[in-house]
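Here is what each chain is made of, one letter per residue.
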Amino acid sequence: MDGIVIVGAGECGTRAAFALREAGYSETVTLIGAEPHLPYERPPLSKPASEGVQLKSICTKDALRAARIAYYQGTSAAKLDVHSKLLTLDDGNAVKYDALLLATGASPRRLTCTGAEYVLDFRTYSDARAIFSLANHGARFAIVGGGLIGMELAAVLRGKGVAVSVIEAAPRPLGRAVPARFAAKLHARHVEEGVSFYLGQGIAAITVGAVILSDGTAVPADVTVSAIGVVPEISLAEAAGLATGNGVLTDAGLRTSDPHIYAAGDCAAVLQANGSHVRFECWRNARAQAETAARNMAGTTVNFTTIPWFWSDQYDLGLQVAGLSQPGHASVVRPLSNGEMEFYLDEGRLIAAAGLGTGNSVAKDIKLAEMLIAAGISPDPDLLADPAVNLKSLLKNVRAA
Amino acid sequence: MTWVTACQLAEIEQEGAKRFDHEGRTYALYRAPDDSVYCTAGLCTHEAIHLADGLVMDYEVECPKHSGVFDYRTGEALRLPACENLKTYQVEVVDGEVRVAIG
Ligand SMILES: Cc1cc2nc3c(=O)[nH]c(=O)nc-3n(C[C@H](O)[C@H](O)[C@H](O)COP(=O)(O)OP(=O)(O)OC[C@H]3O[C@@H](n4cnc5c(N)ncnc54)[C@H](O)[C@@H]3O)c2cc1C
Chain Z
1354 MDGIVIVGAG ECGTRAAFAL REAGYSETVT LIGAEPHLPY ERPPLSKPAS EGVQLKSICT
1414 KDALRAARIA YYQGTSAAKL DVHSKLLTLD DGNAVKYDAL LLATGASPRR LTCTGAEYVL
1474 DFRTYSDARA IFSLANHGAR FAIVGGGLIG MELAAVLRGK GVAVSVIEAA PRPLGRAVPA
1534 RFAAKLHARH VEEGVSFYLG QGIAAITVGA VILSDGTAVP ADVTVSAIGV VPEISLAEAA
1594 GLATGNGVLT DAGLRTSDPH IYAAGDCAAV LQANGSHVRF ECWRNARAQA ETAARNMAGT
1654 TVNFTTIPWF WSDQYDLGLQ VAGLSQPGHA SVVRPLSNGE MEFYLDEGRL IAAAGLGTGN
1714 SVAKDIKLAE MLIAAGISPD PDLLADPAVN LKSLLKNVRA A
Chain C
4 MTWVTACQLA EIEQEGAKRF DHEGRTYALY RAPDDSVYCT AGLCTHEAIH LADGLVMDYE
64 VECPKHSGVF DYRTGEALRL PACENLKTYQ VEVVDGEVRV AIG
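Going down the list, the protein sequences come from chains Z and C. In this text, residue positions in the first sequence follow my numbering: the first is 1354, and each later residue adds one. In this text, residue positions in the second sequence follow my numbering: the first is 4, and each later residue adds one.
Please keep in mind that the hints were generated in silico from the structure rather than gathered at the bench. For every residue, glycine included, the Cβ atom is placed at its ideal position computed from N, Cα and C. A portion of the hints provided could be inaccurate.
[Said to hold, decoys possible] One side only, chain Z facing chain C, incomplete, derived with CB under 7 Å:
id, residue
1, Asn1713
2, Ala1716
3, Lys1717
4, Lys1720
[Stated by the list, open to error] Label-pair restraints from in silico Cβ distances:
id, chain 1, residue 1, chain 2, residue 2, range
5, C, Asp61, Z, Ala1558, 52 to 62 Å
6, Z, Lys1409, C, Arg28, 18 to 28 Å
7, Z, Gly1598, C, Val96, 56 to 66 Å
8, C, Gln17, Z, Ala1571, 56 to 66 Å
9, Z, Ala1592, C, Arg22, 51 to 61 Å
10, C, Val96, Z, Arg1418, 44 to 54 Å
11, Z, Lys1409, C, Lys90, 14 to 24 Å
12, Z, Ala1402, C, Lys90, 48 to 58 Å
13, Z, Ala1522, C, Ala104, 18 to 28 Å
14, C, Glu16, Z, Gln1407, 30 to 40 Å
15, C, Asp61, Z, Thr1711, 41 to 51 Å
16, C, Ala13, Z, Ala1402, 47 to 57 Å
17, C, His25, Z, Thr1711, 45 to 55 Å
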């Protein structure tokens, strides 16, 4: 037996390695990670912390040893030969596998304009170290991209007394992942905190000291960080001849076009009930897919069905979103004591919910909403809108029925 | 053993939790579906997140951020990413007043 090899030691690959043991898999487990650290969590990189940039490890060396996971730190997989089931590493060694998991994640999309070489990325611990080493009081930062990562970074930088400009090609920030109501509230909060926005603007060039927008405006900046999204890391899969698209394509059980190879986390585009392939870029998804892939690799047959869920922290506000809403869906607002929540209904059926409030105040209600979504019900919108109606009692009624 | 008064029972929602801070430490109080009251350390053992913001279902509390789950009666970590148990504290309810033995 050659065992299972996992490529990528991020949230997904690392979780999968442990989940294989939890599923009773007893052969060799090899975890290969390009980064020169123990596996670590990315979300804390863009969250406020008094002690500077945190390297929050996902597990200790001892835990890896105790679970008999062979961890190749700072090693990249260079070539995948699916016929011989052989993975060649960048140090020249090769490992054979019975089954392989691609958990290669995603890499920042790069700007292509003149001066792009001056721009910092924001994905890894070393990126965060580089960014925050320049974030001195009074420094001027330009952030290209008003998505979740860019807006979180803006909030942390404002907390450090850095002048921040956010440049976004779309007419409003946070348009992709955040429902419009909460995107607008977060935008307003950033304006209140003194962030300057340049919306509906492309980038013509980056110079030392400024970002030049497509309309000619020069935005002064000592440091420019790009946060224009990520592209799935699929090069290994592509070269090996696996089916790829916007990610490594998998079936509902996370198996790729090769029956011995699975993919999960930010790199995987997973088959949905409607026939499309969807890729998620969030922490819990990486863990949940890791668990499904591990169980399937250990011999069970389960489909991935977890409802997508993510959070974002900006200033003292916490956002949580469960499920996927579409612009056409009906929405119902529910006031909460320290925030607000919105439910999204597709022809009456509850399919998503989002909430924004101070700290983690929306968490309980979003969790209940997630369980209501999973129950597949069509609740009375008046009950959802009424803060006096306890969502837990709604759930209990559903479960009792 | 030092007992301190944390709050009134009526201030904790049934099958709910409430944060209690005392002398620079933070605790979480829970009122179970049967109205019994429990107390654990206030922060999740995975990352410093206040558990009192989490959802209480039966005898379990779920971390509001990373979905780790604990049995608040024993402090036992039931679901990852939480793997370290929570410290628990003795509680008594006297005349509607919740008192905790903090040390
Ligand atoms: C700054 C930041 C903040 C975030 N905040 C949040 C948040 O608040 N909430 C949320 O839900 N999500 C958040 N996310 C997203 C979340 O971190 C990701 O969804 C998650 O990390 C995905 O895990 P993954 O293991 O699939 O991929 P990754 O974390 O990208 O890990 C993949 C790993 O594989 C390695 N690798 C790639 N190719 C190879 C190869 N050929 N050989 C060896 N190793 C390889 C990479 O170096 C990398 O370490 C944030 C992300 C960032 C960058």
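**Q.** Ascending list of hint numbers which this structure does not respect
**A.** Hints 12, 13, 15, 16 and 17 are the ones this structure does not satisfy, whereas the remaining hints hold.
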